[in-house]
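Engineer: Please model the complete structure; the sequences and the hints are all you need to start from.
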Amino acid sequence: MRLQAEAIRTHPQNGTEMLNSLHNLIFMPLAELEVGKHYYWHIGGLKVHGQVFLTSWFVASLLIGVAFLATRKVERIPSGLQNLMEYALEFIRDLAKNQIGEKEYRPWVPFVGTLFLFIFVSNWSGALVPWKLIHIPGSELAAPTNDINTTVALALLTSLAYFYAGFRKRGLGYFAKYIEPTPILLPINILEDFTKPLSLSFRLFGNILADELVVAVLVLLVPLFVPLPVMILGLFTSAIQALIFATLAAAYIGEAMEGHGAEEHG
Amino acid sequence: MDPIIASASVIAAALAVGLAAIGPGIGQGNAAGQAVEGIARQPEAEGKIRGTLLLSLAFMEALTIYGLVVSLVLLFANPFS
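Going down the list, the protein sequences come from chains A and B.
The first sequence runs 1 to 266 under the working numbering.
The second sequence runs 267 to 347 under the working numbering.
Take these hints with a grain of salt, some might be off.
[To be verified] Below, a list of computed lysine-lysine pairs in the PhoX-like style, where the Cα atoms sit at most 25 Å apart:
1. A:K47 with A:K97
2. A:K97 with B:K314
3. A:K169 with A:K132
4. B:K314 with A:K103
5. A:K169 with A:K47
6. A:K103 with A:K47
[As the list claims (entries may be wrong)] Listed next, with one range per pair, are the computed distances between beta-carbon atoms:
7. A:A67 with B:P269: 19 to 27 Å
8. A:R76 with B:R316: 47 to 55 Å
9. A:A239 with B:R307: 36 to 44 Å
10. A:G173 with B:S273: 37 to 45 Å
11. A:L191 with B:P269: 37 to 45 Å
12. A:K47 with B:R316: 39 to 47 Å
13. A:D94 with B:R307: 25 to 33 Å
14. B:L281 with A:L186: 28 to 36 Å
These aren't lab readings, by the way, just hints derived from the structure by calculation.
Note that CB positions come from ideal geometry on N, CA and C, so glycine has one too.
Structural biologist: Here's what the structure looks like:
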């Protein structure tokens with residue numbers, strides 16, 4: 001899709017100076033948004049979405065770089081980057097501890113933290129990095145979470161993680177949760193394993209794509225200043241979505257480990 | 267694309283988002299109202315209430331987003347075209 005001001009384009013006879021400048025503004029790369037067009041790479045027999053790879057490599061290398069810089073000279077009294085990363089670590093640790101429980105949370109901090117940081121930086125990179133200025137053939141660069149494949153991959157990873165956690169903790173007794181509290185609920189309990197990754201992936205994908213669409217439509221209508229509040233709202237919601245994804249992943253893992261009949265954690 | 271399919275898709279997309287917005291709208295209103303009430307009763311719990319409220323608002327918003335995903339599929343990745 002290419003959002004363009006058809007109305008202005010189809011009436012060139014009204015082309016006053018102002019309208020021309022508006023016209024030029026609208027044809028700046030800012031006011032375009034493409035959905036469902038991809039920069040395909042052919043690897044083996046597969047067609048992969050190259051723009052997603054490029055941006056996720058950017059996000060991953062940014063995270064690795066910052067983590068490396070922050071831990072290069074670790075000091076007892078943290079300052080600057082180290083302080084920031086320690087704050088992030090504590091935040092993620094608290095999140096995992098709240099959802100998974102005091103005893104079991106430690107091995108899952110890296111997983112939950114990776115999910116949170118990757119999604120967070122991805123979402124914000126889509127809004128803050130001027131990707132549109134870099135041209136690639138056939139598509140455009142945007143947040144990696146803008147593509148349903150990324151979010152489905154993350155959600156399936158979460159599914160694998162909670163199955164693994166459940167099996168590791170409870171062995172075959174993990175299957176007992178499917179017939180709890182009564183065997184009548186068996187189909188619903190099985191269905192839940194499918195709806196969890198579905199809702200996780202759709203939630204993230206839809207939110208990020210919706211943000212970018214709304215900003216693009218507003219930029220198309222009024223290119224200057226007016227989209228700013230919406231962009232800030234977008235930053236806020238994308239941060240919340242990263243938090244929600246990580247929280248839910250941790251909650252699913254905790255739920256798989258504790259079992260339905262067991263004591264409530266709180 | 268067949269014009270009938272195109273117009274049906276556009277109408278369906280509009281309906282999907284519009285209808286999907288009703289429920290979460292009511293739900294978010296309820297949640298926000300209760301949160302304000304809670305804060306008015308117990309102002310010292312504001313931080314905790316706000317955190318929970320934002321999280322649950324995002325959950326409700328996800329329901330509208332599902333409708334949005336359906337309409338985006340209809341508009342840009344239409345399986346019937």
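Engineer: Please flag the earlier hints that this structure goes against, numbers listed from lowest up.
Structural biologist: 1, 3, 5, 6, 7, 8, 9, 10
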